[in-house]
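Chemist: Sequence:
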Amino acid sequence: MASEADKVRRHTASAVLQRIDDRTGTALWDAASADTEQVDKRLSALDHEWDTDRVLETEASAMGLIGLALGAFVNRKLLLIPAMVAAGVLMHAQTGRYPLMPLFRRLGVRTAREIARERYAIKALRGDFQDMDKEPPRHRGPIAPDTLADSAKARSAQASPPRTFT
Numbered sequence: 001m002a003s004e005a006d007k008v009r010r011h012t013a014s015a016v017l018q019r020i021d022d023r024t025g026t027a028l029w030d031a032a033s034a035d036t037e038q039v040d041k042r043l044s045a046l047d048h049e050w051d052t053d054r055v056l057e058t059e060a061s062a063m064g065l066i067g068l069a070l071g072a073f074v075n076r077k078l079l080l081i082p083a084m085v086a087a088g089v090l091m092h093a094q095t096g097r098y099p100l101m102p103l104f105r106r107l108g109v110r111t112a113r114e115i116a117r118e119r120y121a122i123k124a125l126r127g128d129f130q131d132m133d134k135e136p137p138r139h140r141g142p143i144a145p146d147t148l149a150d151s152a153k154a155r156s157a158q159a160s161p162p163r164t165f166t
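Read in order, the letters of the sequence shown correspond to residues 1 to 166 in this note's numbering.
If you are wondering where the hints come from, they were derived from the structure by calculation, not from laboratory data.
Glycine included, every Cβ here is placed at the ideal spot set by N, Cα and C.
Any given hint might turn out to be false.
Unchecked claim - Taking CB as the label site, the calculated pair distances span:
hint, residue 1, residue 2, range
1, M132, D47, 17 to 23 Å
2, D21, V74, 42 to 48 Å
3, T36, A69, 46 to 52 Å
4, S33, L68, 46 to 52 Å
5, R113, S33, 21 to 27 Å
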């Protein structure tokens, strides 16, 4: 199953995608020749950059609340606004499409994955990963295989015998 970022990229116009990728490439070139302070500022900016999900959630919430207020105080037909917003958010959750996403992308809003790629590329350029071991010890990683085997043995030893119904 494709991630949300991949779905958004897949539904982004190629010219817009190229512009976003070019902007990222330019930022990486700038970081490669920047001093430490400039790199730190760029990383801080990336930490605060709004991604497509945050923009979508903010826009949808605002439009939903405005639609509710207009429907309650101006005209009940305007309650269609929050219904359409909810349908759009549901569509985004299922397909990665959202009616205003092309606008967000044209404005240069990037997915969280696109932002993370730039962040980690800059960190790699800065040398943050140079001291990492070539082959990590077995205890590194999400869960070492020995840990899984030990925890399975412990669970089976603690488990009560299966219940039988007579």
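Chemist: The hint says 21 to 27 Å between R113 and S33; measuring C-beta to C-beta, is that right?
Modeler: holds (25 Å)
Chemist: Between S33 and L68, does the C-beta distance stay in 46 to 52 Å?
Modeler: holds (51 Å)
Chemist: Go ahead and decide if the range 42 to 48 Å is satisfied by the Cβ distance of D21 to V74.
Modeler: At 43 Å between Cβs, range holds.
Chemist: Tell me if the beta carbons of M132 and D47 are separated by a distance inside 17 to 23 Å.
Modeler: Check passed, 22 Å falls within 17 to 23 Å.
Chemist: 46 to 52 Å was suggested as the range; check whether the CB atoms of T36 and A69 agree with it.
Modeler: holds (49 Å)
This entry satisfies every hint, going by the numbered hints stated previously.
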